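**Student:** Here the protein sequences come in this chain order: F and S.
Each residue of the first sequence is one higher than the last, beginning at 464 in my numbering.
Each residue of the second sequence is one higher than the last, beginning at -18 in my numbering.
Bear in mind the hints are in silico, worked out from the structure with no lab data behind them.
Hints should not be assumed to be uniformly reliable.
Part of the chain F face toward chain S, derived, beta carbon under 10 Å [what the hints assert, rightly or not]: (1) L487; (2) P639; (3) A647; (4) K684; (5) T686; (6) S687; (7) R689.
Note that this is a predicted model, so its numbers are computed, not measured.
Just so you know, even glycine gets a beta-carbon here, dropped at the ideal spot from N, CA and C.
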Amino acid sequence: MQPESAMTPGLDVTVLVSVGRHPLTGRVRRADQDARGVELARSLANAEVRLLHAGERNESSDAALRGYLGMGFSELALLEQPEGADVLPALAEALDATSPHLVITGERAERGEGSGLLPYLLAERLGWPLVSSLAAVESVENGVATLLQALPRGQRRRLSVRLPAIVTVDDAAPAPRQSAYGPARRGTLEASMGPVSNDEEWAKWQVQPARPRPKRLKIVKATSARDRFKAAAAKSDGGGGQVLTDVTPTQGAEAILTLLREENVLQ
Amino acid sequence: MLDTLLPILIFSALALAAVGAVRRIRLWGQGRPSPVPVLRGLAAMPRRYLVDLHHVVARDKVIANTHVATAGGFVAAMALAIVVHGLGLGSGWVSGVLGWLLLAASATMFAGSLFVARRRRNPPARLSKGPWMRLPKSLMAFSLGIFVVTLPAVGVLPADAGGWLVALVLAAVVAWGLAELVFGMTWGGPMKHAFAGALHLAFHRRPERFSDKRGGEGRSTGLKALDLEDDQAPLGVETPADFTWNQLLGFDACVQCGRCEAVCPAFAAGQPLNPKKLIQDMVVGMAGGSDAHYAGSPYPSPERGEQPVGEHQGSPHGPIVAPAATKDGKALVDAETLWSCTTCRACVEECPMMIEHVDAIVDMRRHLTLEEGATPGKGAEVIDNLIATDNPGGFDPGGRLNWAADLELPLMADVERAEVLLWLGDGVFDMRNQRTLRALIKVLRAAGVDFAVLGNEERDSGDVARRLGDEATFQSLARRNIATLSRYRFECIVTCDPHSFHVLKNEYGAFYPPGQEADYPVWHHSTFIHQLIESGRLRLAPGQRARVTYHDPCYLGRYNGEYEAPRAVLQALGVELVEMQRSGYRSRCCGGGGGAPITDVPGKQRIPDMRMGDVRETQAEQVVVGCPQCTAMLEGVVPSANDEEVAVKDIAEMVAAALDTTPAATPVPRDASTPQAAEEVLS
Ligand code: SF4
Ligand code: SF4
């Protein structure tokens, strides 16, 4: 961010960080999107950044969380939760208590449910606005943040949001800095027991490794290099979609349901 | 009158030298502790000087003789002058003999100083100027002055010849010589190298690098392990005082001869590194101050041609590299300087003062990577890949043998014991290197070698992580590889990657669990193939008519002293070998070591292009290499329009193409009960 951008002194930022999982080897690590969130927070001038994690605690999760400490933090607040607990109430309570101006988190977790719903549920519960796919925080003035949201194909949308707010980052956010080994192992994990609420839904679920599904091939009939490039660079938007405007929530939900049935996601 | 003046001059020079020595020693004492055997080191010093140091100096005959005459003459003349003029000892014929000896010593020294003066007339760019330009005059002043004042002592001149005016002039000349040569030695003049150098030889951090009386080769090239036990200790070298005291002492020994600068590939490529300047910067840092008085070639700068001196300064406890937060601020050295090094060791090989540049550079990189998280370029990504997938490219570690699906390589996990453990290296993920590996396997099978591979159990050796300063990831990889290796039985490890070779051979030893040790030899494939040829297990059909040249990989040659085997194999192939001007221990790096392609610091030209230029000079059709990294770097060179393509071939590919596939006329004597076996593998 431009250093000259005016920031209200002492912007309180909390980054929600999770334990990640490497896509190829399954080894724990700092989650990529959460790390991008930390990077974004670090680049804010004049911000007081806290790291917060809620989840199960063991040796391997500690190692992964230390990855965030290595980005230049001396401590990370850790709300210990039993396996399979719903971390939402614990996080909501902690955020309520510390009342930061801005909460940054990755779009979705790399392990567990990974539904990407947590930020939305949190926003709903706290009654804060949520902005997804954040690319940059341009300025914060008088409790209003000017944000840059990333849209497909490199487009950006400027938004003004009243704080406190929750923002999520995905791969459009700047890449995280390297995690340094020395600070990572010297930093402390400040553990406390958060309120525990068991996730009954989750308990009923059956989890099994995903089978790789054949990829849908995109057949490009391009005659020139320019067309091939355009086809390769285009974000596939499925072609056959439809845009519904001015419909009631029920109509919208109906349309989504129909699509899911067509695609055999729901039977 | 001289009889009174001379003792005063000599003893005040000695006293001032002693004061200077204490001050200098305190500068070194700022460094971290490093235990040394004091008496044994001092006792070994003369041999280290006369044998090991001279071995390096003698590569330039004229300079070697100049130095012997000047330094030998000075030491003798000074000792005798203390006796004759300082103490006035000896009477009668004794004083006469001592006097004549002193005359001879100072005359020798004078002769030497004439050669020093000659070299200073048109000094090559690598030599420092500044105070060094007055050194020949000071040497002459001392030797001439002492010579003349000694003449009366042997009765050639009367004691009061010339009167008091001449005596005063003589005394002044002698005083000048004493100032430069005696107390200048400890007060930071050019002669400092003699004082610091002698002690550096005695207390060197790698005593094992010196030869011993049994003629041991004395090679010590593995990096020293960083202690990661104490989790509060800062890691690596942040400030000059974070070096060990004997490293600081070593920096102080530099004579600014610039031999390191002349061979440094990064300097030649115009990257911002000059090993001589780097060592001088450390000297500046340990005393505190700016580099404005440095009088040699500065660091090149791709934008400005060269970095002007005077912009950088440091202090013993100040940072060497300005921390990221003060990005445009400068400290002692810019980070790019440290990341330009390919760790080729050419500088260490050439340094007559036995200074360890690579150790120092890696020590400083360790701080940047482990404490600052500031590995540049693709460094952070490579390290993350190594942590998550055990290979630098981030490939699926379960796919290490995909390239060999048709080769049915025996796995250690199945056979558990084999004659040879074939270490494949990360080249398994690289299509070019897979060709080399196939060739090597064909050769091994032709020779009937019983080998097995680790397959997916193999991990990156840790070489690149270590050179990038990530000692933690290196040690983790090393420990896990060691655990895998110790599950199997084999007689030796063979690898076609000199980097894995070096790490397995020289650097893993420190990480074996207590009570265990690496009890197997490690061979580079060129050495192993040579053994196979020598023992008659491998039959070649010579008759290749190519004109080839051979590029010595740094990690095989300078790191491990293997220059002969690859050449012997080429000879057995019958090809015509033409040497490049820079070959053997003077081989020029391909630019691929030390993570340099990953950090990718810009320069004026690329190192592999320069090396390919060396190759073209020989007019060879092929350049033979023995390293996946060299293959990649040299093959990446695009020939300019009017240049011929030069093929880059691994030595294993050369051998595989020359296998004698006709049935053996006199079968190699092997187990007589299975005569079929030999036939089968040969066909
Ligand atoms: S470091 Fe060694 S080779 Fe380089 S200038 Fe100094 S003494 Fe010479
Ligand atoms: S190791 Fe090689 S690249 Fe590094 S400073 Fe020495 S000569 Fe230069």
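**Student:** Taking the hints in turn, state whether each one holds.
**Tutor:** Cross-check of the supplied hints:
1. L487: holds, 5 Å
2. P639: holds, 9 Å
3. A647: holds, 9 Å
4. K684: violated, 29 Å
5. T686: Given a least distance of 30 Å, the restraint on F/T686 is violated.
6. S687: violated, 26 Å
7. R689: violated, 26 Å
Violated hints, listed in ascending order, are 4, 5, 6, 7; each of the other numbered hints is respected by the structure.
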